[in-house]
Amino acid sequence: MASRFRFSVEGTNHAVSVEDSPEGVSVKIDEGDYFPIDATTSGVPGLFSIIRDGVPTQAYVTRDGRALRVIVDGRVFVLAPVGAGGRGRGASGGMADPPGIITTPLAGVVVDVKVAEGDTLEPRQVVAVVEAMKMQNEVQAPMAGTVKRVAAQAGSRIEKGDLVIEYTPAEE
Amino acid sequence: MFKRVLIANRGEIALRVQRTCREMGIETVAVYSDADRNALHVRNADHAVRLGPGPSNESYLVIEKIIEAAKQTGADAIHPGYGFLSENAEFADAVANAGITFIGPPAEAMRALGGKISARKIMEEAGVPTVPGANDISLDDFETAKREADRIGFPLLVKASAGGGGRGIRLVQTAEDLEGAMRASASEAASSFKDATIFLEKYVSPARHIEVQIVADQHGNVQAFGERECSVQRRNQKLVEEAPSVAVTPEIRKRICDAAIAAAKSSGYRNAGTVEFLMDNDGNFYFLEVNARLQVEHPVSELVYGGVDLVALQLKVAAGEPVPDPDGPLNPVGWAMECRINGEDPFNNFVPSLGLVDFLQLPAGPGVRFDTMLFEGLDIPIFYDSLLGKLIVWGEDRPQAIERMKRALKDLIVSGPITNQAFHLELFDNEDFRNGDIYTSWLESKFTMPQLPEEDPRLDTALIAGGLAAGIIAGATAEGTARPIGLSRWVAASRSIARRGIRVDGGRTGWRRGSASQ
Numbered sequence: 001m002a003s004r005f006r007f008s009v010e011g012t013n014h015a016v017s018v019e020d021s022p023e024g025v026s027v028k029i030d031e032g033d034y035f036p037i038d039a040t041t042s043g044v045p046g047l048f049s050i051i052r053d054g055v056p057t058q059a060y061v062t063r064d065g066r067a068l069r070v071i072v073d074g075r076v077f078v079l080a081p082v083g084a085g086g087r088g089r090g091a092s093g094g095m096a097d098p099p100g101i102i103t104t105p106l107a108g109v110v111v112d113v114k115v116a117e118g119d120t121l122e123p124r125q126v127v128a129v130v131e132a133m134k135m136q137n138e139v140q141a142p143m144a145g146t147v148k149r150v151a152a153q154a155g156s157r158i159e160k161g162d163l164v165i166e167y168t169p170a171e172e
Numbered sequence: 001m002f003k004r005v006l007i008a009n010r011g012e013i014a015l016r017v018q019r020t021c022r023e024m025g026i027e028t029v030a031v032y033s034d035a036d037r038n039a040l041h042v043r044n045a046d047h048a049v050r051l052g053p054g055p056s057n058e059s060y061l062v063i064e065k066i067i068e069a070a071k072q073t074g075a076d077a078i079h080p081g082y083g084f085l086s087e088n089a090e091f092a093d094a095v096a097n098a099g100i101t102f103i104g105p106p107a108e109a110m111r112a113l114g115g116k117i118s119a120r121k122i123m124e125e126a127g128v129p130t131v132p133g134a135n136d137i138s139l140d141d142f143e144t145a146k147r148e149a150d151r152i153g154f155p156l157l158v159k160a161s162a163g164g165g166g167r168g169i170r171l172v173q174t175a176e177d178l179e180g181a182m183r184a185s186a187s188e189a190a191s192s193f194k195d196a197t198i199f200l201e202k203y204v205s206p207a208r209h210i211e212v213q214i215v216a217d218q219h220g221n222v223q224a225f226g227e228r229e230c231s232v233q234r235r236n237q238k239l240v241e242e243a244p245s246v247a248v249t250p251e252i253r254k255r256i257c258d259a260a261i262a263a264a265k266s267s268g269y270r271n272a273g274t275v276e277f278l279m280d281n282d283g284n285f286y287f288l289e290v291n292a293r294l295q296v297e298h299p300v301s302e303l304v305y306g307g308v309d310l311v312a313l314q315l316k317v318a319a320g321e322p323v324p325d326p327d328g329p330l331n332p333v334g335w336a337m338e339c340r341i342n343g344e345d346p347f348n349n350f351v352p353s354l355g356l357v358d359f360l361q362l363p364a365g366p367g368v369r370f371d372t373m374l375f376e377g378l379d380i381p382i383f384y385d386s387l388l389g390k391l392i393v394w395g396e397d398r399p400q401a402i403e404r405m406k407r408a409l410k411d412l413i414v415s416g417p418i419t420n421q422a423f424h425l426e427l428f429d430n431e432d433f434r435n436g437d438i439y440t441s442w443l444e445s446k447f448t449m450p451q452l453p454e455e456d457p458r459l460d461t462a463l464i465a466g467g468l469a470a471g472i473i474a475g476a477t478a479e480g481t482a483r484p485i486g487l488s489r490w491v492a493a494s495r496s497i498a499r500r501g502i503r504v505d506g507g508r509t510g511w512r513r514g515s516a517s518q
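Top line first, the protein sequences correspond to chains G and H. In terms of the numbering used here, the first sequence has 110 at position 110, counting the first letter as 1, and numbering is strictly consecutive. In terms of the numbering used here, the second sequence has 396 at position 396, counting the first letter as 1, and numbering is strictly consecutive.
No wet-lab data here; the hints were simulated from the structure. Here the structure is a predicted model, which means the values were calculated and not measured. Warning: the hint list may mix true and false statements.
[Unchecked claim] Restricting the straight-line Cα-Cα distance to at most 25 Å, the calculated cross-link-like pairs of lysine to any residue (SDA-like) are:
{"no.": "1", "chain 1": "H", "residue 1": "LYS406", "chain 2": "G", "residue 2": "THR57"}
{"no.": "2", "chain 1": "G", "residue 1": "LYS134", "chain 2": "H", "residue 2": "GLU289"}
{"no.": "3", "chain 1": "H", "residue 1": "LYS194", "chain 2": "H", "residue 2": "SER161"}
{"no.": "4", "chain 1": "G", "residue 1": "LYS134", "chain 2": "H", "residue 2": "ASN38"}
{"no.": "5", "chain 1": "G", "residue 1": "LYS134", "chain 2": "H", "residue 2": "GLN237"}
{"no.": "6", "chain 1": "H", "residue 1": "LYS194", "chain 2": "G", "residue 2": "ARG75"}
{"no.": "7", "chain 1": "H", "residue 1": "LYS238", "chain 2": "H", "residue 2": "THR101"}
{"no.": "8", "chain 1": "H", "residue 1": "LYS446", "chain 2": "H", "residue 2": "PHE142"}
{"no.": "9", "chain 1": "G", "residue 1": "LYS148", "chain 2": "G", "residue 2": "MET135"}
{"no.": "10", "chain 1": "G", "residue 1": "LYS134", "chain 2": "H", "residue 2": "GLU444"}
{"no.": "11", "chain 1": "G", "residue 1": "LYS134", "chain 2": "H", "residue 2": "TYR82"}
{"no.": "12", "chain 1": "H", "residue 1": "LYS238", "chain 2": "H", "residue 2": "MET449"}
{"no.": "13", "chain 1": "H", "residue 1": "LYS71", "chain 2": "H", "residue 2": "THR101"}
{"no.": "14", "chain 1": "H", "residue 1": "LYS410", "chain 2": "G", "residue 2": "ALA154"}
{"no.": "15", "chain 1": "G", "residue 1": "LYS134", "chain 2": "H", "residue 2": "VAL368"}
{"no.": "16", "chain 1": "H", "residue 1": "LYS202", "chain 2": "H", "residue 2": "HIS219"}
{"no.": "17", "chain 1": "G", "residue 1": "LYS114", "chain 2": "G", "residue 2": "ALA154"}
{"no.": "18", "chain 1": "H", "residue 1": "LYS265", "chain 2": "H", "residue 2": "ASN88"}
[To be verified] Beta-carbon label-pair distances, calculated as ranges:
{"no.": "19", "chain 1": "G", "residue 1": "ASP33", "chain 2": "H", "residue 2": "PRO366", "range": "26 to 32 Å"}
{"no.": "20", "chain 1": "H", "residue 1": "ASP136", "chain 2": "G", "residue 2": "ASP112", "range": "55 to 61 Å"}
{"no.": "21", "chain 1": "G", "residue 1": "ARG124", "chain 2": "H", "residue 2": "ASP136", "range": "22 to 28 Å"}
{"no.": "22", "chain 1": "G", "residue 1": "SER156", "chain 2": "H", "residue 2": "ALA190", "range": "16 to 22 Å"}
[Claimed, not checked] Calculated Cβ distances over 10 Å to all of chain H for the following chain G residues:
{"no.": "23", "residue": "GLU23"}
{"no.": "24", "residue": "ASP33"}
{"no.": "25", "residue": "LEU47"}
{"no.": "26", "residue": "GLN58"}
{"no.": "27", "residue": "ARG69"}
{"no.": "28", "residue": "ASP73"}
{"no.": "29", "residue": "ASP119"}
{"no.": "30", "residue": "VAL150"}
{"no.": "31", "residue": "ARG157"}
{"no.": "32", "residue": "LYS160"}
We put the beta carbon where it would ideally sit given N, CA and C, even for glycine.
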């Protein structure tokens, strides 16, 4: 009996089907054919050793919010739920915010909030500055709009993915 | 020898110093901020003293707290590591006044070398070549400054005497821009360093960053351990260091080491230090500054000079022992390279990346050394710099060291924070870099990080692993006939995932961050 999973990876949807039978495990990716694999996580949970056609590969899988973060040979893939409000870009794990909210891409201390309720936003305008690891990082608006609510407070600690501001996107 | 050494630092360098102390039978005292309560340097020490909250200016930079910690634990010496208070003359004085040995240079030498102008003057007197420049200029006498600038020639740099980290520096292409640049530099220096003194220096470009490791004892002997090249820099931060340098011949090495030794002797220097030089294409080198401390990149020198332990040497000369061989061989054996593994995203403008390290696979094998603060369960604090570890390799020659580094970079897996490993892998495949055709502005002017490939065979593996994991980890998106995959050990593994990383917390929160900084 097959299980089918859908992931959004860097903006593209993919489907993975896993068929688990007494003969072994077979996998099908997107519209391809089923192929047998030998896979195990024994030892370290999340660390998958996969042998396909005699070629071993290794992947480490962990949860990252509602997504899965997978590291394969130095590259990080974020396998996000399909249709989760557009979140799920991420060349290297970053997530794009859906229209209407701006979250911080990294944890740190908010050193400056540069907008107030009612302000007009331009694309790429800096809305806040977050300091982490002795570096000041700008949080920018992805598109034009009007600030609806400011959630971040200067001087306070902020976690990756926390809300910085809510805004009303400008009409196209 | 000392009985108990307090290490006034954190991260990989605190561990580095601890290891040598342990080998020498010396007890260690760790100090820590709240953000570092969970850190390895705290766990591994013989004694540990809390300094205060996470921010450095409430913990690692508070001189009184560190002196108090040393007194409280009976430490007879303090090793400052690098950064933080390591080059702070006030701290060195305070340590000495408390009757404790400071493992580093005397405060007077730090003061003399700390100002760039006073250091230039010392070197000029000692016959050490300095970059052609003008030390005695000011905004009040612009005519003199202009005359000096014409003598030096354009382009030139306006620099702040108290400057550091690239601040206070202005590049001037023509005489018309001189006054504005001097004003900008002085005002930046005044606000950053509370000292508006500026000077002029010829702009040596392209230039290599070549530095000489020295150790000076209390008996007037100075031993040099050859050169390191640190020309791969981004925003004045070194990213890759190597020893020796492709551009340094045995003849140049002799001259530059003699210059470094003269620099140390003329400034009354003691303990380990680094004399930094700029070197042009013709092999002319010019004194830049002295780093009055152990440096981040010291291991590459250790590896090519017979495995010498520079921290052990620091402890020995601080305890009064002489350096082992002031006339020792200058020429290195083999080639060593170091990559700074930073928590930053090379595909996203090197923005800092931190978080919980949930999986770690360390490189090993011939010629590989990894000095790191990382361990599974570490929640990387936000308050400090982004250096997570230093990957160091030794090879018989530079090509072998390069291939070995690539192998080791691929062996290292860090899950949680994004690291700059992908940058290093690109760099080590770059033709200029492989040819040693590098200079300090090379990285920023010639190197571009390629985008990730669209068609990547690694995606298949990621999807397979993701599909398998989705079956065993709740919370992932599934549709249709999703159910746990019926392999018992995976189910067991999934339960184990839920257990991993849990701090003792009454079991209420389940899978959570292993941080102690609440």
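Hint-by-hint comparison with the structure:
1. H:LYS406 / G:THR57: holds, 18 Å
2. G:LYS134 / H:GLU289: Judged against 25 Å, a Cα distance of about 24 Å means the pair holds.
3. H:LYS194 / H:SER161: holds, 11 Å
4. G:LYS134 / H:ASN38: With Cα atoms ~20 Å apart, G:LYS134 and H:ASN38 stay inside 25 Å; holds.
5. G:LYS134 / H:GLN237: holds, 13 Å
6. H:LYS194 / G:ARG75: Cα-Cα ~45 Å, so violated.
7. H:LYS238 / H:THR101: Distance of about 30 Å is beyond 25 Å: violated.
8. H:LYS446 / H:PHE142: Violated, because 36 Å separates the two Cα atoms, which is more than 25 Å.
9. G:LYS148 / G:MET135: Violated: G:LYS148 and G:MET135 sit about 28 Å apart, past 25 Å.
10. G:LYS134 / H:GLU444: holds, 21 Å
11. G:LYS134 / H:TYR82: holds, 16 Å
12. H:LYS238 / H:MET449: Cα-Cα ~17 Å, so holds.
13. H:LYS71 / H:THR101: The hint holds at about 12 Å.
14. H:LYS410 / G:ALA154: Roughly 40 Å between the alpha carbons, so the hint for H:LYS410 and G:ALA154 is violated.
15. G:LYS134 / H:VAL368: Distance of about 29 Å is beyond 25 Å: violated.
16. H:LYS202 / H:HIS219: violated, 36 Å
17. G:LYS114 / G:ALA154: Cα-Cα ~9 Å, so holds.
18. H:LYS265 / H:ASN88: holds, 20 Å
19. G:ASP33 / H:PRO366: 26 to 32 Å: violated, 42 Å
20. H:ASP136 / G:ASP112: 55 to 61 Å: Violated, at about 40 Å.
21. G:ARG124 / H:ASP136: 22 to 28 Å: violated, 45 Å
22. G:SER156 / H:ALA190: 16 to 22 Å: violated, 31 Å
23. GLU23: holds, 13 Å
24. ASP33: G:ASP33 clear of chain H: closest Cβ-Cβ about 13 Å, beyond 10 Å.
25. LEU47: violated, 7 Å
26. GLN58: Non-interface label fails for G:GLN58: nearest chain H Cβ at 8 Å, not farther than 10 Å.
27. ARG69: Violated, because the least Cβ-Cβ distance between G:ARG69 and chain H comes to about 7 Å, which does not exceed 10 Å.
28. ASP73: The claim breaks: G:ASP73 does not keep its Cβ more than 10 Å from every Cβ of chain H (closest is about 5 Å).
29. ASP119: Non-interface label stands for G:ASP119: nearest chain H Cβ at 24 Å, farther than 10 Å.
30. VAL150: holds, 21 Å
31. ARG157: violated, 8 Å
32. LYS160: Not fine: 7 Å to the nearest Cβ puts G:LYS160 too close to chain H.
Checked against the numbered hints above, the structure violates hints 6, 7, 8, 9, 14, 15, 16, 19, 20, 21, 22, 25, 26, 27, 28, 31 and 32; every other hint is satisfied.
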